[in-house]
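Number of protein chains: 2
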Amino acid sequence: MTITITAFERSPDGGKGLARDTRVRWALEEAGLPYDVRLVSFRAMKEPAHLALHPFGQIPTYEEDGLVLFETGAIVFHIATHHGALLPADDHARARAITWLFAALNTVEPPILELVTARIFEGDKPWSKERIPLVEERVRDRLKQLSARLGDADWLDGDFSAGDLMMVSVLLRLRPSGILDEFPVLAAYVARGEARPAYQRAFAAQLAVNAP
Amino acid sequence: MTITITAFERSPDGGKGLARDTRVRWALEEAGLPYDVRLVSFRAMKEPAHLALHPFGQIPTYEEDGLVLFETGAIVFHIATHHGALLPADDHARARAITWLFAALNTVEPPILELVTARIFEGDKPWSKERIPLVEERVRDRLKQLSARLGDADWLDGDFSAGDLMMVSVLLRLRPSGILDEFPVLAAYVARGEARPAYQRAFAAQLAVNAP
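Protein sequence lines, in the order shown, are assigned to chains A and B.
Heads up: the first sequence is residues 377 to 588, going by the working numbering.
Heads up: the second sequence is residues 377 to 588, going by the working numbering.
Pulled out of the complex, with its shape left as it was, chain A reads as follows (with noise of 0.2 Å):
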């Protein structure tokens, strides 16, 4: 079985390990999986070869013997489902660590995607300054009650799995604005995540490509 994704041709972080192909790099190497990459400038991005992969025109996508998948949260949870390693084997477990990449992705990540939005494409506007800090509250409210959740757990659910791979990815996003760093409950999950042999050789694997 050969996997192939996609990634950015030149990241815009720069090698940060922001970009989402880290997240199913990160994937790939908690389950063991070697997978071929194959970069997408950002004008390819757009025209129909690569639509027709990814109807939104992102990156990353998945290809394996036939099957084309696209959405980060749905290749993770394809890893996770079909080649162990990342989904607890309990049924009851297991539902609940698929909640887990769910609110990453649908609860966590939408205020903090409005932060980097309101930094990035409306940093220039005129209500820029009095706005951010309105987003940022939005992003503490969703913080604090993660925070609260988590307590003094080394993961969100009992050992760690996909729902805790994609929240740490979420969560790394906020690192550039400091707000993480506010709670270092978080602080520290994150930096379990990070430490993880998988994360570092993912991250390793990205920053090849992006290095500067």
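Since the hints were made in silico from the structure, they are not lab data.
None of these values were measured; they are calculated from a predicted model.
Treat the hints loosely; a few may be bogus.
Straight-line distance between alpha carbons at most 16 Å, and here's what the computed EDC-like set of lysine to aspartate or glutamate pairs gives [claimed, not checked]:
1) A/LYS520 to B/GLU423
2) A/LYS501 to B/GLU506
3) B/LYS505 to A/GLU423
Simulated DEER-style distance windows between Cβ atoms [said to hold, decoys possible]:
4) B/PRO502 to A/ASP412: 44 to 54 Å
5) B/ILE496 to A/GLY554: 26 to 36 Å
6) A/ALA428 to B/SER553: 27 to 37 Å
7) A/ASP466 to B/ALA420: 22 to 32 Å
8) B/PHE432 to A/ASP530: 14 to 24 Å
9) B/ILE496 to A/GLU506: 13 to 23 Å
10) B/LYS505 to A/ASP412: 40 to 50 Å
11) B/ALA420 to A/LYS520: 15 to 25 Å
12) A/SER553 to B/HIS459: 35 to 45 Å
13) A/GLU506 to B/ARG419: 23 to 33 Å
14) A/ASP412 to B/ALA465: 25 to 35 Å
15) A/ARG514 to B/LEU427: 14 to 24 Å
Glycine included, each C-beta is placed from N, C-alpha and C at the ideal position.
Once you have looked at the hints, place chain B on chain A.
Frame of chain A; chain B shown alone:
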């Protein structure tokens, strides 16, 4: 087996079916599963008893024989996995349906949520009039791509699936803005979803709680 979900005591939308319990009700109706509903006030949602079920203090939650889930995507996925009807049996088709479930929640819904936030929570801000068109353009960018992919198909990938249930639900949030009607392909897609008897039962059930 008794299934219990939570919903708003009074939904902020006054019964338009946009609160997220409607998505779960719809999945349960598609699966032919009876369920109980426990209504929760805004105050109770932030209290410890509810936070134990839902760390982010929201609705819906899902309880079934000792299993507690939150996060609409995870609940719909759980219903689809354990009770049939919403995911194809073929492995590849199933993975693609799950991809659309994630795409609805992590690619299409975030800009729609931003628009809802811009209108409702920032509607009185001095930047509102100038900023809303920018947010609307981000929504339109996604809808153009989604519309191009759907084309003249009835559903996103073969038969109606959990991915369609979620995509239709996400797009419904746009109806008050008028933007959905700019995309006839998507407006017709949403109408097909709404015409399903299971959706109509779900809609009627939430309306019975929330009718003005």
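(Q) Going through the numbered hints above, which ones does this structure break? Give me the numbers in ascending order. (A) 3
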